[in-house]
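Q: Quick note, the sequences are listed as chains A and B, same order.
This note's numbering numbers the first residue of the first sequence as 2 and each following residue consecutively.
This note's numbering numbers the first residue of the second sequence as 373 and each following residue consecutively.
Misleading hints may appear alongside valid ones.
Unchecked claim - Pairs of lysine-lysine, DSS-like flavour, derived with a Cα cap of 30 Å:
{"hint": "1", "chain 1": "A", "residue 1": "375", "chain 2": "B", "residue 2": "426"}
{"hint": "2", "chain 1": "A", "residue 1": "385", "chain 2": "B", "residue 2": "441"}
{"hint": "3", "chain 1": "A", "residue 1": "375", "chain 2": "B", "residue 2": "491"}
{"hint": "4", "chain 1": "B", "residue 1": "426", "chain 2": "B", "residue 2": "535"}
{"hint": "5", "chain 1": "B", "residue 1": "483", "chain 2": "A", "residue 2": "385"}
{"hint": "6", "chain 1": "B", "residue 1": "495", "chain 2": "B", "residue 2": "483"}
{"hint": "7", "chain 1": "A", "residue 1": "375", "chain 2": "B", "residue 2": "376"}
{"hint": "8", "chain 1": "B", "residue 1": "484", "chain 2": "A", "residue 2": "375"}
{"hint": "9", "chain 1": "A", "residue 1": "375", "chain 2": "B", "residue 2": "429"}
{"hint": "10", "chain 1": "A", "residue 1": "375", "chain 2": "B", "residue 2": "483"}
{"hint": "11", "chain 1": "B", "residue 1": "535", "chain 2": "B", "residue 2": "441"}
{"hint": "12", "chain 1": "A", "residue 1": "385", "chain 2": "B", "residue 2": "495"}
{"hint": "13", "chain 1": "B", "residue 1": "484", "chain 2": "B", "residue 2": "426"}
{"hint": "14", "chain 1": "B", "residue 1": "535", "chain 2": "A", "residue 2": "385"}
{"hint": "15", "chain 1": "B", "residue 1": "491", "chain 2": "A", "residue 2": "385"}
{"hint": "16", "chain 1": "B", "residue 1": "535", "chain 2": "B", "residue 2": "483"}
{"hint": "17", "chain 1": "B", "residue 1": "429", "chain 2": "B", "residue 2": "441"}
{"hint": "18", "chain 1": "B", "residue 1": "429", "chain 2": "A", "residue 2": "385"}
{"hint": "19", "chain 1": "B", "residue 1": "484", "chain 2": "B", "residue 2": "535"}
{"hint": "20", "chain 1": "B", "residue 1": "483", "chain 2": "B", "residue 2": "429"}
{"hint": "21", "chain 1": "B", "residue 1": "535", "chain 2": "B", "residue 2": "491"}
{"hint": "22", "chain 1": "B", "residue 1": "376", "chain 2": "B", "residue 2": "429"}
{"hint": "23", "chain 1": "A", "residue 1": "375", "chain 2": "B", "residue 2": "441"}
{"hint": "24", "chain 1": "B", "residue 1": "483", "chain 2": "B", "residue 2": "441"}
{"hint": "25", "chain 1": "B", "residue 1": "429", "chain 2": "B", "residue 2": "535"}
{"hint": "26", "chain 1": "B", "residue 1": "484", "chain 2": "A", "residue 2": "385"}
No wet-lab data here; the hints were simulated from the structure.
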Amino acid sequence: MKKRLPTLENLNKVSKLFLLILFFGSFVFVFSIKEALAAISYINSSSCVSSDDGLGTYTLTLPTTQQNDLVIVAIGTADNDNVNEDVGPNLVGTYGYTEVADLFSDDTTDSNLGVFWKVMGASPDTSYTLDSIGGNDASNAAVCMVFRGVDTGTPMDVTPATDSNINTMHPNPPSINHNNPSGVWTVIAGVAGHGINSGTFTFPTGYTTDAVERTHNDTSDATTGMGYRSSGVSDPEDPGVMTHSGTDSTNYSWAAVTIALRPAVNTAPTVTTNTETNVTSNSATLNGEITATGGVNATERGFAWGTDSGLSTVIGTTTETGDFGTGTFSQNVSNLIAGVTYYFRAYATNSVGTSYGNIDNLVASAADTTLSRKMRLFEGSTIKFTDGRIIIHQR
Amino acid sequence: MSVKRVSIIFLILIVATLLFLFKSDFKGGAVSFWPVQNRAEQNQAKLEDSLVYKNTKYRFSFSYPDNLKVMEYDEGQGAGTIIFEDPANALGFQIFVLPYSAQEISTDRFKKDVPSGIKLEEKPVTLDGVPGVAFFSQDGFLGDTYEVWFIYNGHLYEVTTLKENTDWLNMVLNNWSFER
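Isolated chain B, as found in the complex:
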């Protein structure tokens, strides 16, 4: 076997190894995206075993993994909080709904609900045709968070989860629908 042939075989092996690393569940890198992606994939099966949550007060519904416990809180003044959580698997999210007359989220409202004032990587999102905004933030208790906020029918919706659950939450919110 010539040196040239050995080199070609070696090069092919290197390329194949690299391709394998990109395709596989590789956790050794410093990029945080990968673990998040994996969590979403891991929970894909759980979302398939889902229940439908329907809120008759604010008139919306979506499917959620059936391992999540649901709790609702009436916060007064027309506001409410709905919790979906599975502490054992560190999965969960919170929906805070409040009457809101403005068409855009004011600085005052943002500071009132996010005392840290942190809003990173803001990007537009759409929920059942309703425009909103998603961003990373920080909460004194939860730490790094992922937030999806949108205004619909005179209400501001603030959906919060751990930053690590970003893709998982996006997957849940993908089947959100408003009762029109």
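If we strip away everything but chain A, and leave its shape as in the complex, we get:
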């Protein structure tokens, strides 16, 4: 008696529901393994000030960074010449930064604020030579912060919000209406132009952890600060005031910026298979390159190779584990057979997944061997011809 297979019609409701969940669940699974939202993390900060004469250059030394880290630099300048200064031009021209804001607040003590960002490449920057501006009575104070896990293509979720004011030295970073509340971080940067020679900011609630500030004392004094908020970010987010510790005056001014950082959507690395080298009769060097990390470095890279043109079955894989950014890599394969066509492709794996390069092929070269044939047929026997017949005697 044949057993009938169940059909959709005779499945009960629970079974149908189970199948439905399985069907859509598989889609969720397939898409979830291709990309994953990265969490932004704070790495470190640094700061510097110009020399007291406000002339020449000064150096901003960066914290240790790695590829795809986002560096935000804020340069605050205070002077009393009522001129809108061009702050940090060489950060853009020389070091490849993108300018977020160039603000000017004109009071007895003027405030200039320049804010810039850059995603670190394969060879991250270590320091910058900044130009002092504003003349010999001016102060220049620069701060920077490094973040990881930010979308390297569009790190600013929306256009940064800016504001400035006079008659007070308490920067009030403006509210920002961002697009992506899930995982977004807000960063505030501000400068206070004053004349009290020193002082620090009290950062608003949620922005106090790891906040960095630096004051430069000259005729006009500048306090530059930067802070971030990693959780509890509302939409829109209104950070609050960076309260300066000094006694306020109507002669002072400030400028401030609010930035919404967009978390990276990490993907599997992008890999290409490059042309093989050093091909011999039984070995070859396979070459590949990670051309993009996908937002997070690979932890494994290597090659799969075999004689099947689609590599549906492979003879072997070569694997190297470690922390791999973009760049070329090579591995040797041996025990190849001369004349046989081998197919291979590079691959790399990060926390999101594995991706493969194109399938290339090589033919192990068949260099003529120096060997000569050894007659092994009937080896160890004697061959005699008797009456037209061959007789082989085994010893």
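Model the placement of chain B on the given structure of chain A, informed by the hints.
A: Leaving out everything else, chain B in the frame of chain A:
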């Protein structure tokens, strides 16, 4: 019975005798082809009782009589020798495979493997679609030999047997196939 009728009967008998000699297993002639032909026929039955030899390194296979003993030798540098032999019946052949980059067999290679330098009655052959060459030669140990050489996939194949086993070897090689 007339003389004419007797002559006709006699002539018919002569023709019938000649036809019988050509068709039968006649060994009395000086032509060497006949004994070889007979050996091949004799072993036809044995080939039917065959085993399949498959070489995973060089990727080929063929059927061979199950009375043959098979031995494989790694000669180094990617070369190898495979022996199929039945000394009791003086049957056997050797396959020598070596990496080879050229498309034609060079004089140097030929002299290296056939020190006698003898190549007689050379004729083209085909093995599973692969062109090659067959010829008679001479080996210091085996004496007169029959050789089938061909180049495939970066390798030179040299198949050698006793000259007396020519047709038998051809029969074995007829079911040679490469794994493509």
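Q: Look at each hint and say if it fits the structure.
A: Hint-by-hint comparison with the structure:
1. Under the criterion of a C-alpha separation no larger than 30 Å, the hint pairing residue 375 of chain A with residue 426 of chain B is consistent with the structure, at around 22 Å.
2. A distance of roughly 21 Å separates the Cα atoms of residue 385 of chain A and residue 441 of chain B; the hinted pair therefore holds under the 30 Å criterion.
3. Our distance criterion of 30 Å between C-alpha atoms is met by residue 375 of chain A and residue 491 of chain B, whose separation comes to about 18 Å.
4. For the hint linking residue 426 of chain B to residue 535 of chain B, the alpha-carbon distance of about 25 Å falls within 30 Å, and the restraint holds.
5. For the hint linking residue 483 of chain B to residue 385 of chain A, the alpha-carbon distance of about 26 Å falls within 30 Å, and the restraint holds.
6. With a C-alpha separation of about 19 Å, the suggested pair residue 495 of chain B and residue 483 of chain B falls inside the 30 Å cut-off, and the hint holds.
7. A threshold of 30 Å between alpha carbons decides the hint, and for residue 375 of chain A with residue 376 of chain B the separation of about 67 Å lies outside it, so the pair is violated.
8. With a C-alpha separation of about 10 Å, the suggested pairing of residue 484 of chain B with residue 375 of chain A holds against the 30 Å cut-off.
9. Between residue 375 of chain A and residue 429 of chain B the CA atoms are separated by roughly 19 Å; this keeps the pair inside 30 Å, and the hint holds.
10. Under the criterion of a C-alpha separation no larger than 30 Å, the hint pairing residue 375 of chain A with residue 483 of chain B is consistent with the structure, at around 13 Å.
11. A distance of roughly 20 Å separates the Cα atoms of residue 535 of chain B and residue 441 of chain B; the hinted pair therefore holds under the 30 Å criterion.
12. Among the hinted pairs, residue 385 of chain A with residue 495 of chain B is consistent with the structure: their alpha-carbon atoms are about 28 Å apart, no more than 30 Å.
13. Pair hint residue 484 of chain B plus residue 426 of chain B holds up; C-alpha atoms about 28 Å apart against a cutoff of 30 Å.
14. For the hint pairing residue 535 of chain B with residue 385 of chain A, the CA-to-CA distance comes to about 14 Å; that is within 30 Å, so the pair holds.
15. The suggested pairing of residue 491 of chain B with residue 385 of chain A holds, with an alpha-carbon distance near 23 Å, which does not exceed 30 Å.
16. Among the hinted pairs, residue 535 of chain B with residue 483 of chain B is consistent with the structure: their alpha-carbon atoms are about 19 Å apart, no more than 30 Å.
17. Between the alpha carbons of residue 429 of chain B and residue 441 of chain B the distance comes to roughly 19 Å, so the proposed pair stays at or under 30 Å and holds.
18. Between residue 429 of chain B and residue 385 of chain A the CA atoms are separated by roughly 35 Å; this puts the pair beyond 30 Å, and the hint is violated.
19. For the hint linking residue 484 of chain B to residue 535 of chain B, the alpha-carbon distance of about 20 Å falls within 30 Å, and the restraint holds.
20. Taking the CA atoms of residue 483 of chain B and residue 429 of chain B, the gap is about 26 Å. The hint holds against a cut of 30 Å.
21. Distance check on the hinted pair: residue 535 of chain B and residue 491 of chain B sit about 12 Å apart at the alpha-carbon level, within 30 Å; holds.
22. At most 30 Å may separate the alpha-carbon atoms for a hinted pair to count; residue 376 of chain B and residue 429 of chain B exceed this at roughly 73 Å.
23. Distance hint between residue 375 of chain A and residue 441 of chain B is fulfilled; the C-alpha atoms sit about 18 Å from each other, no more than 30 Å.
24. Annotation: proposed proximity of residue 483 of chain B to residue 441 of chain B holds, straight-line Cα distance about 29 Å (limit 30 Å).
25. Our distance criterion of 30 Å between C-alpha atoms is met by residue 429 of chain B and residue 535 of chain B, whose separation comes to about 28 Å.
26. This hinted pair checks out: residue 484 of chain B and residue 385 of chain A have alpha carbons roughly 26 Å apart, not beyond 30 Å.
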